[in-house]
Structure formats: C-alpha cells, structure tokens
Amino acid sequence: MRHHLILRVITKLLVGAIMLFAFYVQFHGDFSPGGGFQAGVIMAVAFILYGLVFSLHNVQKVFPPWLVHKLVALGVLFYAGTGIVSMFLGYTFLDYGALVPSHPSSGQHYGILAVELGVGITVTAVMVAIYYAFAGRPPRLSDEEW
Amino acid sequence: MGFELTQEYILGHMNYWLFSVLMMTGLYIVVAKGNLVKKIVGLNIFQTSVFMVYISMGKITGGTAPIFPQDMEIDPEVVYSNPLPHVLILTAIVVGIATTSLGLALIVRIQEEFNTIEEDDILKIERAIVQAENAIHGDAMGGRA
Amino acid sequence: MLVLTAIAVVRMRSLFAIAMLSGVFSLLSALLFVTMDAVDVAFTEAAVGAGISTVLVLGTLALTSRFEKPTKRSPMVPLFVVLVTGAALIYGTLDMPNFGSPDAPVQTHVGPDYLERSVEEIDIPNVVTSILASYRGYDTLGETAVVFTAGIGVLLLISGLRLRRRRDDEDEDESEEV
Amino acid sequence: MAVEPAQVAMTLSDQLPILQILIPLVTAPLIVLIGSRRLTWTLAFTASALSFVIAILLLIQVIDGSVISYQIGGWAPPLGIEYRVDAANAFVLLLVSGISTLVLPYARESVKFEIPARHHTLFYAAFMLCLTGLLGVTITGDAFNVFVFLEISSLSTYVLIAQGSYRDKRALTAAFDYLIMGTIGATFFVIGLGMLYMATGTLNMANLADRIADQGANRTVRAAFAFIVVGMGLKIAIYPLHLWLPRAYTFAPSAVSVFLAATATKVAIYVLLRFTFSVFQPAFLFEVNTLEFIILPFALLAMFAASFIAIFQSDFKRMLAYSSIAQIGYMLLGISLLTETGLTATIIYLFNHGITKATLFMGVGILVLRSGGSFYNRIQGMGKTMPWTSGAIVIGGLSLIGVPGTAGFISKWVLVEATIEKGWWPVSVLIVLSSLLAVIYVWRMFEALYLKTPLAGTDYKEAPLSMLIPIWILALSTIYFGFATDVTLTAARAAAQGLLAGSAGMM
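Residue numbers (this note's numbering), protein chains in the order written: chain A, 955 to 1100; chain B, 2 to 146; chain C, 83 to 260; chain D, 21 to 527.
Incorrect hints may appear among the rest.
Said to hold, decoys possible - Here are the simulated lysine-lysine pairs, DSSO-like style, with alpha carbons at most 27 Å apart:
| hint | chain 1 | residue 1 | chain 2 | residue 2 |
| --- | --- | --- | --- | --- |
| 1 | C | K151 | B | K125 |
| 2 | B | K125 | C | K154 |
| 3 | C | K151 | D | K132 |
| 4 | D | K404 | D | K472 |
| 5 | D | K132 | D | K404 |
| 6 | D | K404 | D | K481 |
| 7 | A | K1015 | A | K966 |
| 8 | D | K189 | B | K125 |
| 9 | D | K189 | C | K154 |
| 10 | D | K442 | D | K481 |
| 11 | D | K481 | D | K132 |
| 12 | A | K1024 | D | K132 |
To be verified - Beta-carbon label-pair distances, calculated as ranges:
| hint | chain 1 | residue 1 | chain 2 | residue 2 | range |
| --- | --- | --- | --- | --- | --- |
| 13 | B | V80 | D | Y186 | 51 to 59 Å |
| 14 | C | D185 | A | L1043 | 35 to 43 Å |
| 15 | C | M83 | B | L12 | 37 to 45 Å |
| 16 | C | R93 | D | F313 | 51 to 59 Å |
| 17 | C | V166 | D | L496 | 43 to 51 Å |
| 18 | D | T62 | B | I126 | 52 to 60 Å |
| 19 | C | T190 | B | I11 | 21 to 29 Å |
| 20 | B | T7 | D | I80 | 39 to 47 Å |
| 21 | D | T62 | A | L1043 | 27 to 35 Å |
| 22 | D | F313 | C | F162 | 14 to 22 Å |
| 23 | A | L1043 | C | S183 | 54 to 62 Å |
Don't read these hints as lab results, they were simulated from the structure.
Using N, Cα and C, we set each Cβ at its ideal position, and we do this for glycine too.
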C-alpha cells in the first residue's frame, strides 16, 4: 500500500473536490436534484476514499470515531429540533411557516435548509461509522486472495 | 371487469410485467440461495425492482422531471411527472441501504461465531448444538420422562 | 439488460462478481429512473446502490469468504413461493392504468396538487425537495431515524472489539478468530 | 378537505399526539450524544414514562369515540402526513408505552447480566428507537408513514435480538433470519401500498378508504390487499409464516423478549386491523370473503399446531414462544368473524395477552438470571427457592390457559361469545379444546417449578426488587383485568366500533 504514489496524489486532489461537490449537492438541493441524503453519502465517500488510500488510522486522526458517534446523534436532533422550534412558536411540528410568520414561503426555505442539513450530518456520520466498523475488523482474506 | 388485450394495453403494461419478473428473480435469490451475502444482494434486487414500479407509475408520457425553471417562471405547456412516488422511493432507498448495512454487519458477526456464511453449514452447526442440549436436558419429545 | 443481470446473479458463484453485478444492476436501474423523470431517485440509487452498498458488500466479503458453496436443497419450494407471488403480482397489474397515462388516479388525485401548490407555498424549483422536506417532511425525519438506527445497530454489532490498526500492511496476518 | 392551517397558537395538549412519538424519538439520539452510562437508563425510563402518561391522556380524550387529528407540518391531508388518534390506536399506544415503562426497570438488572457494559448506552438507544417505531406505526394515519416507522422498529428489533449473542451465538442467526423475513414482509407491504396508490392516487388512510368505497374494488385493490395481509402476516407470525418467531424470542435477551412478545406482534395485528377494516372496509371484504375462508383455517391451524409443539418443548422460553404463535391464532379468529363482537374480542385479546405474556417472559427472564438457563430440568424446583417469582409465573400461566378470575378468561370468553353469536358452534368447541392443550403445557411448567426437587447444590436467591415489582404489577393487573372487565371491555368496544365505522368514522 505504501508504494501507490499516484493513488495518493490523486486522492489528495480528489478528496477536496468530492467534499466541495458534497456541499454543492447539500445546499443546491432546492434547485437541482440532490439534498441532504445524497450530499451525506458523497461526503462520506470522501472520508472513505481517504481511509482506503491512507489507512484507517490516518482518517481516524482527521475524523475521530467519538466525533462521528456524536454527529450521528446530532443530525437527528437537529432535524427534530427544527420541528420542535415550530412547536414552541405555537404551530404544529415541522411547520416551517412558523419560522417567518409574515412570509411563510421564506420560512419554508429556512426550514428545508435546516432539516436537509440535519439529514446530511447524520448520513455522513453513519456512513463513516459503518465504514470504520467494517474496516476495523481483522480481515480474513488478504489482498492477494482477491 | 373486462379488459381487452389491445396492443395499447399490452404495451402499457409491459413495464409492470417486466418489473414483476425482476422482483421474482430477486425474491428467488433470497429464498433459494444458501449464501447469506447472496441473500442480501437478492433482497436489494427485489427492492430495487419494487422501486421501479413506483417510479413508473409517476411517469406521464411526454412529461419531464418535476423541477421548475430556476426563475420559477412556469410554462403551462410543460407537463411534469408526479413527484410523489419519487419522494417515497427516496425514503425507501434509504431504508433499503440501512437494512443492507445491518444485514451485512450481522453476516460479519455470524462469520466470526460460526466460521461460515452458508446457511446449510450453519444449520448443521445449530443442529449439533441442539443435540448436545437435548443430551443434557432431555429431548423435545421424550423430555417428560 | 436488467433481467440478464439479475439472472446472472442467480447463476454466479463468485461472490465478488455478484457484488459487481449488483452494482451494475443499480446503475442500470438508475438510468431507467432518469428516463422515467426521476432524476433525484436516479442520483440516490447510483450513489447508494452502485456506491455505498457495493463497498459494503466488498467489505463484508473481505471479512468472510469469496465463493458460494453449492446448496443441496431442492429449488422446488422457493420456486413455488415465487411463482405464487408472481401470479398475484400479475393479477394485480391487470387493472392498472396504462404506463404514462395522464388520467391515471395517481396523476389526477393528489399528485398535481403538489405541483400547483408548491409554487405558491414553498417557492423552490425542485418539487421533489419541497415534498421531501416539507409536505412529507415527517417521513424524512423517520428516514433519518432509520439511518440513525442502522448506524447504532452496526456499532452495537461490530464495533465492540475494535482492533487498533497501526499500519495497513502490518496486520495482514492477524486473521485469528475473535 | 383542505383545511386552513391552524393559525391559532397550539397549546401543549394539542401537541400531545406528536409528543407521544417525539419524546422517545429524541431521547434515542440524546442518549448517544450524552453518552453517559449512568444517565442513560434514567433518560430512557423518563421518556417511556412520559409517553405512557401521554397515552393515558389521549385514551381519555378519545374513549367516547371522538377522533383527534394532528397535521404534521401544518399540511392538511391528503397532502401532508396526519396523525389520527381514535379509541383503537390509543388503546394500543397505552399497551405499548405501558409495557415499555414496566420493562425498563426490569431490564436494568437483566441487561447488566446479559450484555457487556460498554454496549449499554447503545442498547437503550436502540430500545428507545424500537419503542418509537412501534408507537409511530400505531398512531399514524398515513399508509406510507406506517412503512417508515415499521422499519425503525424492525431494524432496532434485529439489533436488539442479536444482543442475545453474548449468551448464545444462535441469536445472530435468529436475528438474520428475522431480518430476511421481516424485510420481505416490509417489501410486500410496500408493493401492496404501491398498488393501492396506483388505484387511488392517495396515501392517507381515510382518503384511501373513501376512494376505495367510491370506485369499488378492482383487481389491483384486491392484489394490494393480499400483499398487505401477507406482508403484515410475516410480521405478526401468522402460522405458516411464523418460522422466525420461536428462535427470535428464545435467543433474544430476556428484557427484549418481554418487550417484543408483549408489543411487536400486537402492533402488527393492529396494522392489519386498521387496513382490513378502516382502509379496505368490511363491505369490500364481504364481497371477496377472504377472511372467512383464508384466515380462519390458518387461525385454527395455529391454535392447534403451535400448541402441540409447545407441549413438547423442553425449554421454558421456547415453549412460551410457541404458545405466542398459538395465541395469535385466537386473535386472527376474532378478525375472521367480521363482527363487532369478534373485533372486540381480538382487541381485548391483544391487550390481555400482552400483559399475560409480559408476565411470563419476565418470569422466565428472572429464572435465567438466577440459574443461567431456561430448560425445565435447569429450573426445576425453583418454585420453592424463589416463591415470589414463581408465584407471578403461575398467575401468568393461569391467565394463559384462561382460568376464570384472570384476564385470559375474559378474552377467551368474549371470543367464544362472538363465535356463538355468529352461529359458529364448532369453532367455539375448538377454542375450548385448544385451551386444554394450554393446560398441558402450563402444567409442565408448573410441574418443573414446584413438583421436582431443586438441583443439588443450587440455592438461588429471590430476584431483586427492581424485577419483582414490575412482574408483580403485571401479574396483579392480569387479575385486576380479570375482574374489572368493564374498563377493558369499554375501551375495546369503542375501538371495535371505531374500526368498523370505516371512513365514516374517520372523516
């Protein structure tokens, strides 16, 4: 693994690009296909790629498992929290109109942005957590057996 | 309740029949194959085929993807396909991948405990355990004595 | 194409090939989704089916084994189950509206309401997003909870005995049973 | 149909339906986020107790037959997702949240014993998600939302069952089998929903009911019905589809077995009820005659075949699992009658069997905690060393048979009454006969506990108080509901009427 110089260089370039693309998909979901879930998957792919090329140990230095676990929970809370805010404002759960009562449709914009962010956070974290869990196991097949 | 087997009818239903065949192929893999990983793959094929049915019911001939122009100036001439099935299937895909990852995690644990991921072998091992238990605790039928 | 891929999965014994074929299957279905106007779904299916789930299956294979053993069981019972289900499916399709028909209940009852009202009420171009995050936002919360469940499920199942790996190339022979 | 979104500020009591689900749903990630092992249990218990209180409040509001509708996101159905509480689902909500509130104190000791400490936080988070899923399936008025929450509960159930692998590795394969079966079931359910959607264009249950009633049934609707029944049947473990259940219940951790046995299949039965009666409606069903001719034989088969298998078990826990399958037969029998009394019987059976089985599974869990196993010759004579636990088990056993003075008697009584009312005499006789089989398997348990001498060299202590209190609350409530029948009967009757009213009662 240590010798794949080309892989390493290209990965370094790609990881940034993938993350940028993930952010685009995340925040541009209102206008084009995409949204929190897809962005989360893409973001996770960036980390997984980094992990595959530079070893699990190194990616865990960048994105430590404890943080991943917290983010898994945080995303769901963020989503539910958006709904709870509208409840406190005297509307029904997840009624984003509550966020800007004078202009419901911009309230909807903020609401959608917020919940998509929640989805994105949880999905990224869960996918990375699953990758860590699988990659952290001792493999039965060595590379040559493939 | 009658229906005519016109050409239009057959063409209009061909897609559903095709997807049914796909679904059944997937289901067959799940039920008939003994390898646990293969079962999960079969499950994926089964589910994806169901998704196709959903998406195909939302399609309107001559319709386009349900995304308005950026400036929200909507041309009344344009027909948009029904977006609701898309939303449902997005949710279902996510549920599917969640199930897949859990299933695979279980397979990894099964491999570690049973040292195999073939259903036939697992059954053999489990039968041996049951026999050992019966030897100690009295077997299922004659346990009363 | 799709049918061929699916049948190939039935016949193959090499699990590696199966993993790849299932990726192919997902990509093909993503293409199909695009032709049926479901671009969001296609995007997701490509990312999930061809991407994440293939990686996961490969990861599992690395931890388990590569080949399927032939099973001795007779295929008659599964075949029976499948045929009965298939018959029920076909029976159900008989009264379905034609593909692409604009006057199917799906196109006339609730669907158009979304398209019309979304313009006023949500005011964003992608109607799929507006339904996903607002009209049926609660389903999406449920979906996030499902992902969360899967996450903690996988952690509960296989992260317990994490082996600290210092270098990838050092622990290739560490395949003892845990 | 399109009601103006409520601009009046909503009060706390208006928000009750969503809080019912939201509290456990938010607790699960909170537990993970805080990650403190000490706080975990307290949080879980508080959430469960709160949702129990809410369930009581909701039931009080709807017991007179009224309906609460809560529009999530302020979107009126059929555009948005609606929560719809009537007597039927409030009753099930009460059962689920109540059992969960009792299981949690019990779980504390048993989980400590059966699951490694580092997994406790996540275990309780998964438990909360399972509770969320079950409650969410029950309360919702949207057909697709049922699927989403069903999957939350299913996925967490697979994980919870697999946690039994620290005692017996077969828990893993049991969980995997259940995962395969459960996913096939859920996918069938989705196929059914797809067909329904295709035929009607809506996903809201009340709206579905109206549209089916308007346009009548066609082949697509009938096939949808078949797929939904089979899909749910896999979750309920209707007799030929039951294969996952005994293994799952036997190898799951004790606390999980208690919770699942008392709630999961019951919620699935509720969904079946909701779909058959509220969505498809009896008028449609009479036309097809599906229930009488298809469900009835399977119900009877379950009652006898599963009871027979239960008699020959040498493992107490596995015996209880088979008896559950038999009891599901009784509940289906009530459904297949298609009368108000039959439905009342099913609903009351659902509740009474829930508390009875919870008592028994708790009892067996305590025996496992002390003796390390649930085989009859492992636990023999424990009636003498652990009188309190065994006493509760005996009460549960009596209720399982249906001895007068216990809750089990009432449910069987109403069921027999319903069959007589319908004129199905042979079926009434069969109910009594199959109860005799229950006498045999309960007797074997009694024999093992009391009539055999304890194993040499064993001196088991009585269970800790935190386990005895929940089990005795349940045992006493089986007796209480055996006498104070009007409480459950009123609720069950209101529920049955609500379900039978179809869409008329829903709009």
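Right, here's what the structure says about each hint:
no.: 1; hint: K151/C <-> K125/B; result: holds, 14 Å
no.: 2; hint: K125/B <-> K154/C; result: holds, 13 Å
no.: 3; hint: K151/C <-> K132/D; result: violated, 40 Å
no.: 4; hint: K404/D <-> K472/D; result: holds, 10 Å
no.: 5; hint: K132/D <-> K404/D; result: holds, 26 Å
no.: 6; hint: K404/D <-> K481/D; result: holds, 11 Å
no.: 7; hint: K1015/A <-> K966/A; result: holds, 16 Å
no.: 8; hint: K189/D <-> K125/B; result: holds, 14 Å
no.: 9; hint: K189/D <-> K154/C; result: holds, 25 Å
no.: 10; hint: K442/D <-> K481/D; result: violated, 51 Å
no.: 11; hint: K481/D <-> K132/D; result: holds, 17 Å
no.: 12; hint: K1024/A <-> K132/D; result: holds, 24 Å
no.: 13; hint: V80/B <-> Y186/D: 51 to 59 Å; result: holds, 58 Å
no.: 14; hint: D185/C <-> L1043/A: 35 to 43 Å; result: holds, 42 Å
no.: 15; hint: M83/C <-> L12/B: 37 to 45 Å; result: violated, 19 Å
no.: 16; hint: R93/C <-> F313/D: 51 to 59 Å; result: violated, 40 Å
no.: 17; hint: V166/C <-> L496/D: 43 to 51 Å; result: holds, 47 Å
no.: 18; hint: T62/D <-> I126/B: 52 to 60 Å; result: violated, 41 Å
no.: 19; hint: T190/C <-> I11/B: 21 to 29 Å; result: holds, 24 Å
no.: 20; hint: T7/B <-> I80/D: 39 to 47 Å; result: violated, 58 Å
no.: 21; hint: T62/D <-> L1043/A: 27 to 35 Å; result: holds, 30 Å
no.: 22; hint: F313/D <-> F162/C: 14 to 22 Å; result: holds, 21 Å
no.: 23; hint: L1043/A <-> S183/C: 54 to 62 Å; result: violated, 43 Å
Hint check: violations occur at hints 3, 10, 15, 16, 18, 20, 23; the rest are consistent with the structure.
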